[in-house]
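Participant: Spelled out, the chains give:
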Amino acid sequence: MRVNLTVNGRPQQADDVWEGESLLYVLRERLGLPGSKNACEQGECGSCTVLLDGVPVCSCLVAAGQAEGREVVTVEGLADHAGRRAGGTGARTGEGAGLAPIQQAFIDAGAVQCGFCTPGLLVAADEMLERNPDPTDEDIREALSGNLCRCTGYEKIMDAVRLAAARQSEGGRA
Amino acid sequence: MDFLRPAGWEEALAAKAEHPTAVPIAGGTDVMVEINFGHRRPEYLLDLTRIPELHEWETGEDGVRLGASVPYTKIMENLRAELPGLALASHTVASPQIRNRGGVGGNLGTASPAGDAHPALLAAGAEVEAESVRGSRLIPIDAFYTGVKRNALQPDELIRAVHVRKADGPQQFSKVGTRNAMVIAVCAFGLALHPDTRTVRTGIGSAAPTPIRARAAEEFLNAALEEGGSWDSGKAVTPSVAQRFAELCSAACAPIDDVRGTADYRRHAVGVMARRTLTWTWESYRDTSKGAS
Ligand SMILES: Cc1cc2nc3c(=O)[nH]c(=O)nc-3n(C[C@H](O)[C@H](O)[C@H](O)COP(=O)(O)OP(=O)(O)OC[C@H]3O[C@@H](n4cnc5c(N)ncnc54)[C@H](O)[C@@H]3O)c2cc1C
Ligand code: FES
Ligand code: FES
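As they're listed, the protein sequences go chains S and G.
Heads up: the first sequence runs through residues 1 to 174, numbered per my numbering.
Heads up: the second sequence runs through residues 1001 to 1293, numbered per my numbering.
Extracted from the complex, chain S is given alone in its bound form (with noise of 0.2 Å):
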């Protein structure tokens, strides 16, 4: 069947795509966007966190054809989210253009190990920190409980969204 979507701002397309596939399969092998990663395809993992209509889920568990007209947002299009969020201040426009706050953090605190968590995590704390721009340590934690790491042990993960939150609302004063 076919699927039309909005990916990233953009409309898309797919084609050939089985009934049965995950919208995590068309955005990675169909539409050449392999930032949402997949680990486990069950939704215990959050690596392919993204925003569907606005809302994070698993994209391993949506089916394709259940994006149909609906608006994705990867971690290949945070940037351009966030900068749209902000009101266009720093405006920086095109996939790959910039980094979005959060992914800045992600990198000044050192919260970026392997990696394949990474995307998940950024999709996943970007939309809390929209949602919530002041959270405590038990929002952050709450709001990240479905993205697993093997790697950072979570602390420096803390520190990037604190850092965010920080600059977030440094930038809002300012």
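Keep in mind that the hints were calculated from the coordinates and are not lab data.
Some clues are possibly wrong.
Dumping the calculated SDA-like pairs for lysine to any residue here, alpha-carbon to alpha-carbon at most 20 Å [what the hints assert, rightly or not]:
1) 1074(G) x 142(S)
2) 1074(G) x 145(S)
3) 1074(G) x 130(S)
4) 1074(G) x 1030(G)
5) 1149(G) x 42(S)
6) 1166(G) x 1149(G)
Facing chain G, from chain S, some residues (calculated, C-beta under 10 Å) [said to hold, decoys possible]:
7) 17
8) 18
9) 63
10) 68
Note that this is a predicted model, so its numbers are computed, not measured.
Don't be surprised by glycine CBs; every beta carbon is placed ideally from N, CA and C.
Fit chain G with the ligands to the given chain S structure using the hints.
Facilitator: Below, chain G with the ligands alone, put in the same frame as chain S:
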């Protein structure tokens, strides 16, 4: 495989009547796992995500008509006052990503003994609104679970909504697992006090082939509270009553040994949860009734 994408409820019912083997897919958090792992290759997938009514709820005088696909996140955010037990149970399901997709309709469709909505629905008192082109019916929650991962739906029926009684007293939900997020219950327990009818209701998860109520325990506690005039006086539940209630809840279980826990552990843990949730709910009832008098 065919992917059926009804745009409305009537169309979905017609599709299910025409293809009774079609597998409905809502949040997909059970269905997609089975497909990804090759455990299931349905001839038809029937996508329910385009049917607006299924994502809505209505709050009436006595209860909430909860659309089958309202995700857990929405229940936690919007229905904590009306359905406290179900809201607590919803919060223990998996992770934010899963709670953003999965809902009670899917939990009922799967009818796993470990589904977290079930103890809360059993304790609150609920009816499943099932519909087909032949008509609509309300299935009492006690009659819904018919076997391990089996339910009372006919092949041409879909779940439209769940009718859950609005809380008229404190409710609690408790679940045993290895950590807070992303755990299938080793066992779970729901308790609801119903001061209006002076009854208590229970729900037990993962400790029998289906979700169950501990009826003997409920009857014992109802009688003990009535006898002691406790609903009026709001006096504390004695340790011996709590202990007996816990024992009867344990005795209601018919658990198995599996990778998540042994049968003995489950029986024990259900007793502990029963005693604790009784204490929590009764203390909360006493506080509110004291405040009112
Ligand atoms: C990582 C992970 C963790 C999980 N943790 C938990 C947990 O902690 N607790 C828990 O209870 N569950 C858990 N689950 C299971 C699952 O999330 C729940 O059972 C959820 O409620 C399913 O809802 P859904 O909308 O995603 O169902 P789907 O997968 O879409 O459907 C599930 C079943 O219900 C049927 N169905 C769906 N809607 C209808 C309808 N309207 N009418 C008739 N049949 C219907 C489907 O055909 C299917 O058989 C977990 C799943 C995953 C992947
Ligand atoms: S690949 Fe989707 S949650 Fe692990
Ligand atoms: S950095 Fe390796 S899994 Fe998280």
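Participant: Going by Cβ atoms only, is residue 17(S) closer than 10 Å to chain G?
Facilitator: 9 Å, holds
Participant: Do the alpha carbons of residue 1166(G) and residue 1149(G) lie within 20 Å of each other, as the hint requires?
Facilitator: 27 Å, violated
Participant: Under the criterion of a CB-CB separation shorter than 10 Å, is residue 63(S) in contact with chain G as hinted?
Facilitator: 6 Å, holds
Participant: Please work out if residue 1074(G) and residue 1030(G) have their alpha carbons no farther apart than 20 Å.
Facilitator: 19 Å, holds
Participant: Given the hinted pair residue 1149(G) and residue 42(S), is their alpha-carbon gap at most 20 Å?
Facilitator: 19 Å, holds
Participant: Is residue 1074(G) close enough to residue 130(S), meaning Cα to Cα at most 20 Å?
Facilitator: Cα-Cα ~18 Å, so holds.
Participant: Residue 1074(G) and residue 142(S) were given as a pair; does the straight-line alpha-carbon distance stay at or below 20 Å?
Facilitator: Within the cut-off at roughly 16 Å; holds.
Participant: Taking only the CA atoms, is the gap from residue 1074(G) to residue 145(S) under or equal to 20 Å?
Facilitator: 18 Å, holds
Participant: Should the interface hint for residue 18(S) be scored as holding, given a Cβ-Cβ cut-off of 10 Å against chain G?
Facilitator: Holds: closest Cβ of chain G sits about 7 Å from residue 18(S), inside 10 Å.
Participant: Any CB of chain G closer than 10 Å to the CB of residue 68(S)?
Facilitator: Interface hint status for residue 68(S): holds (7 Å vs cutoff 10 Å).
Of the numbered hints given earlier, the model fails hint 6 alone.
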